[in-house]
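> Here is what each chain is made of, one letter per residue.
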Amino acid sequence: KNQVEQSPQSLIILEGKNCTLQCNYTVSPFSNLRWYKQDTGRGPVSLTIMTFSENTKSNGRYTATLDADTKQSSLHITASQLSDSASYICVVTSGGGADGLTFGKGTHLIIQP
Amino acid sequence: DSGVTQTPKHLITATGQRVTLRCSPRSGDLSVYWYQQSLDQGLQFLIQYYNGEERAKGNILERFSAQQFPDLHSELNLSSLELGDSALYFCASSMHRGSLLGYTFGSGTRLTVV
Chain A
11 KNQVEQSPQS LIILEGKNCT LQCNYTVSPF SNLRWYKQDT GRGPVSLTIM TFSENTKSNG
71 RYTATLDADT KQSSLHITAS QLSDSASYIC VVTSGGGADG LTFGKGTHLI IQP
Chain B
556 DSGVTQTPKH LITATGQRVT LRCSPRSGDL SVYWYQQSLD QGLQFLIQYY NGEERAKGNI
616 LERFSAQQFP DLHSELNLSS LELGDSALYF CASSMHRGSL LGYTFGSGTR LTVV
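Same order as they appear, the protein sequences are chains A and B.
Going by our numbering, the first sequence opens with residue 11, and the numbers climb by one from there.
Going by our numbering, the second sequence opens with residue 556, and the numbers climb by one from there.
So that you can see chain A by itself, here it is in the shape it has in the complex (with noise of 0.2 Å):
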């Protein structure tokens, strides 16, 4: 069965702090991997999207990497702002079609003042 596991549950920080969010899949076959943001009681915003031949992609202060095998990817996210406080989802796809999602049940990032 395909599964994406993401860890930390939750995360506290302070601003200004660096912190890197895990996610191991056992999604076959693979096709890409996605890191999605999602603030509280709004659609996921898609951050960074990595095929099979990408071992890393920046958006801004947030870096993606992906291990194609070992099956895992971090989201690492630099000089931490009060607005990066949000739920941040990894996804991987297997296939094109939409049942070929499999998403992971999100890492709750808290960022204090």
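No lab work stands behind these hints: they were computed from the structure.
Glycine is no exception: its CB is placed at the ideal position from the N, C-alpha and C atoms.
Take the hints with a grain of salt, since some may be wrong.
Footprint (simulated), chain A over chain B, 3 or more residues, beta carbon under 8 Å [said to hold, decoys possible]:
1. 588–597
2. 660–669
DSS-like, lysine-lysine: derived pairs with alpha carbons at most 27 Å apart [as the list claims (entries may be wrong)]:
3. K612/B - K115/A
4. K564/B - K115/A
5. K612/B - K564/B
6. K27/A - K115/A
7. K612/B - K11/A
Please arrange chain B on chain A, whose structure you already have, making use of the hints.
Leaving out everything else, chain B in the frame of chain A:
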């Protein structure tokens, strides 16, 4: 504003009732996807429509149904509501049949069944 419009934003209704959630996709997008997000749960794919036709089906209950109209807006109908149906319901849209290139989510409808 993502360009995907969902109405209403909030809905409170009683058990046993029926509700309709509406979604207007981004301009130019032909695919509409419906997702359910319960408390502390990941997004669960319900159903996808592409240009008016059902394209893919996920974990959608028989009490739920959806359709996409000629103007490409979509409606999700939830009937015989139970307390466990309380959740955020998201609509997403994409230009193509598939989701490889990603899609855009709306802000969701929060359904509370009391």
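> For each hint, tell me whether it holds in the structure or not.
For each hint, the structure was consulted:
no. : hint            : in the structure
1   : 588–597         : holds (count 4)
2   : 660–669         : holds (count 5)
3   : K612/B - K115/A : holds, 20 Å
4   : K564/B - K115/A : holds, 23 Å
5   : K612/B - K564/B : holds, 24 Å
6   : K27/A - K115/A  : holds, 24 Å
7   : K612/B - K11/A  : holds, 17 Å
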